[in-house]
Amino acid sequence: MDILSLFPAWLLEQGPAFVIVLPLLMGAIVAIMPSRTLAWWAALIVTLLCTVTAFGLLLQVYSNGASLYTMGGWDPPHGISLVVDALSAPVLLLIAAMAVVTMVYAMPATIAEVEPKKRAPFYAAFLLCFAGLMGMVITGDAFNVFVFLEVSSISTYALVAMGAARDRRALAAAYNYLIMGSIGATFFVIGLGFLFMETGTLNMADMSRILSDLDGGSRVAKVGYGFIVVGLGLKLAMFPLHTWLPGAYAYSPSMVTVFLASTATKAALYLLLRFTFTVFDPSFNYDIVVIKYVLVGVGVVGMIFASLQAIFQTDARRTLAYSSVAQVGYMLLGIGIATAAGIAAGYLHLLNHAIIKGGLFLAMGAFWYRFGITRVTDFNGLSKTMPWTMGAFMISGLSLIGVPFTAGFVSKVNLTIAAADKGWWWAVAVIVVTSVLAIIYIGRILLAAYFGSPPEIDGETVKRNEAPLMMLIPMWILVFLSIGIGSNLFGLGDNFVMASERAANLLVGIGG
Amino acid sequence: MIDIYQINPGLWMILAGLICALVPKGDAFAMVRKAFIIGAPIFAGVMITQIYTSQEVLAGQINIGGLELTTLRIDNLSMVWGYLFCLIAVINGIYGFHEKCRITDSSALIYAGAAIAGVLSGDLLTLFLFWELTAISSVFLIWKGGQRAYAAGVRYLALHVLSGVLLLAGAIFYAQSNGGDYSFNDIGIDSLGGWLILIAIGIKCGFPFLHMWMQDAYPKASITGTVILSAFTTKMAIYALARGYVGVDILIYIGAIMTCFPVFFALIENDLRRVLAFSLNNQLGFMVCGIGIGTELALNGVVGQVFVHVIFKSLLFMSIGAVMYRVGTAKASELGGLFRSMPITAVFCLIGAGSIAAFPLLAAFVTKAMIISAVIYEASYDPSLYVIAAMLLFASAGVMEHSGIKVPYFTFFSHDSGRRVKEAPWNMLVAMGLAALLCIVLAFPWGGYQMLYSLMPYEANYQPYTVDHVVFQLQLLFAAISAFCVLKKFKLYPAEKRGEILDFDWTYRKFGLGIMQWIGAMWTRLSVQTTRLRERAIEGAGRRLFHIFSPAGAMSESAPSGLAAVLTAAMLIIVLIFVYFVR
Amino acid sequence: MTDINEPEALSRKELEERQNAHPFAVPFLWLGNQKVIDNFIWLPVLGMIAMIALGIVFPQAKPAPWDAIPGSWALIGFVAYSFIVLCAKPLTALLARDESYYGEGGLADPEYSTDPDITGEAHHD
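Chains as they are written, first to last, in our numbering: chain X, 1 to 512; chain R, 513 to 1095; chain S, 1096 to 1220.
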């Protein structure tokens, strides 16, 4: 409460528009900036400002409840509205904060991975992607979702393709992502078209009202729902539709991977929650059926298959990428449980996984930065050559496995309890099995790093060569967050759990 | 301010272990670590003394995510294990004094600390935490045994992590059926959770068919590693059994089988450390059986047996370890006649052997008599238990065979191997001497075993040194030694041969592995076939499209894109089917 | 083993033994004497007989069914022990495999092991 009073009133009032417009505008300006350093400072300041604003908005939601911002003063359903509530605000803050982390890290990383000519455009594309993601999350207008989805996606394709400076395969990966992403967006917009036919509106709240008046609507609404779920499923890397993800994560520049892994799929997942629980309603027969059978089915199958695939990868980045697909399975499982506890657990895992995977990919980028390492076999002895980076990797890895006192443990335990409450014992078993698989694929890397000896070059053991401070700081911030959530330092754990519970309550309709 | 009496004493040792892990390498710093490794258990022991009162002490409550955890419980049962683990950690510390290895030092401390914290924990979740920590910290001791220990270490870790996972699952089930109460008291096997926890414990304490990790990993660990490992893990499991499963009938039968089957394996095994691992398994059988009987006498016997067992088993492992340190091998076929060069170690080994075989005046005589007597007393109500009593007697003769005769005989006597080595280092001798002294003191008829009695959970008034007990026990032992001499005379006693003895782990180390390899081979073939089919289909249908749309022009990239698009369509169809047709 | 019929060889061998042995072990070197080994059997046998006799005088306070037979525990001990040992042969035939059976031999850590297989020293006997 007292923190909230520190924010200027106009910032809170205009904040929802601010967090989209500022990066969009600055994206255009940064693109033509002559100096790389200037571009970096501009991007960093924009992301910082957005983070502060998002934090203010979050506090405001918790103290004053949800707020509705109308663009240009046009009231919904005709005007475009921006919605900040308990569901969107934490994701907004997550995206903005991860953008700051990525930006700090990007300073050394871009020097190593992006061609000099492309650095200012790189920051511009990054800001556009950032603006798109923020827009996707905050908008209350269904068609705007599509627009922002495309803004973020198209800039992401460009960002991924910039990885070509270090690995030509990035081009193929970006192309692949482009095709798949476009299919997903097309599916999504087709679904919206059907919905528009049925309801005659594009405002989400309005759509929801009309749909429930129609008691779920006709076949048109059902088909629209199917298209939207599959389109979003593609974007969030739901199991059989995840094929774009490993390539995109593995070959894009490291900071792009960090940002993508911790925000892009999360924003799509947020949209899935938004559409299945608020636009549509689980009380519609077709909605709950899809949640219960399809989402849970692909989630569980994905958890197992992707974990197995992660085990057999030779490239550590691909291992982490497949692990992301598996983790999406956990979140889908949480959604599929469809109780307040289940959704809260899924939502919490969404937040935690962003922090954990962000930390892991930050460390991966540092390994590449110093030694050009991506293959698991090259990890031998990294604990001796890069102890701090490897330490961050280890703690984040343990958190991914779900070792007590780390973030992963909290969300996995909550998910397990939610599944058990629902009586889904098989789901508990799957969580346990996939955790064991996670031990294997993370343990494989840790074993090499901690028990292998550093390689020798010309008969001399490779010397200690730690990552630069600009990389270590963001990495360790995420590591401390992860431990903080797991051990409830400074009440972090409680706050995260509370945020997820509020979001879940909003979705299942218990209070605001 | 945190009240230090609220902190589980095991945590101090874990902390000391973590500090050891940070102490730099180098001989000067090794002394700092050694100070920790001997000082920390003593400090933990003092803390237990400070906290312990004659009543149950519950402390260290913390609340994590709505779960109320009781991280510290010291009562007359857990206190025994706490003291015992502190004591043996000190002895192990002295034994490993010469070894300047940072990993061994810190993992030994963390491992022992986790075991202490585990037995002193008041609820199932805290127990689970330390249960896993013992597994994770101890595997480094195995891996210190060198390259050939690596695979065994991984198997060990896998089984123990599985045990922890089962424990957690069981705890959740159990708490569900129990109104969300995670406190660790009598559990029983009425619920699914109870069964799961029992299996988790069964893995740790080597129930038949779950035992093979012990004989697989212990003999491959480093010399000090084996000694340390043998003390904690299994006894922690015995504690969990004694806490949660007293008087569960099935344990009587499991325990009886556990006492008998290792006897045969120990007989034909050549590696003496593995013989001792089998012998450890057999001793655990006595304890499990006693817990199954569940009378006051039996439980007293079990607690006493655990206490002395840890000491004499360590003594045996230490003496064989000392031999291995000097000679380089623990294979019976390579040893013999060593009493000439290592006489002090030989005497200690004989004391340990006599203790495990339950000679009067040596450690196990009192406690084993209590367990067997408890079975025989119960048998007067249920005559079928006479079978169990007979099995225990049979196993006692077996103990005499593998631990009482085989281990010392083939090491120190038998035919002279011709090896002339130095006596064990002074620190090993001190550690063994302490253990040997305890073996004698704790069975001393005048004021000795009474000290052991004072630790027992119930009032003990069993008289071990009656004429009939001594006489009949000596009958058994003398008869066994006579049989040994007779068989030796008629050349019926098998010579020690080098070789690998198959055990139940063959099912996964050979059979399971074979099946997995076969599946792997078949899978490769299948995937080659399907890839070929798929490639042909995609090539046929989409060659032209592919050439137009692929800027990279790489053949391999088209397949995923195309396939993924097809998958997307299939996914849509599935969703639509669900939307329309599933009610 | 020592050829005890040659007095000169015996003394030289004995001297060598004494020099090589640990000082504490010198008074006990007779334990390695073949005669002692051959006659050791009398110790447990006589002990057993004495204990059986004592067992008849002081019967078990709480007898099990088998305690009706005099010397029951001695019988159990002798039979059980012999049975276990005699099982060795068939069990070995059934269960023993070559040491490299699981193919995990590997090299032992030289820090801890001086196994002749690894160091390449000659085997004793």
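To be clear, the hints were calculated from the coordinates, so they are not data collected in a lab.
Because the structure is a prediction, the values reported are computed rather than measured.
Some hints could be false.
30 Å max Cα-Cα, derived DSBU-like pairs, lysine-lysine [what the hints assert, rightly or not]:
#1 546/R <-> 1022/R
#2 1108/S <-> 1022/R
#3 1000/R <-> 1108/S
#4 934/R <-> 1009/R
We went through each hint and held it up to the structure:
no.: 1; hint: 546/R <-> 1022/R; verdict: violated (41 Å)
no.: 2; hint: 1108/S <-> 1022/R; verdict: violated (50 Å)
no.: 3; hint: 1000/R <-> 1108/S; verdict: holds (26 Å)
no.: 4; hint: 934/R <-> 1009/R; verdict: holds (26 Å)
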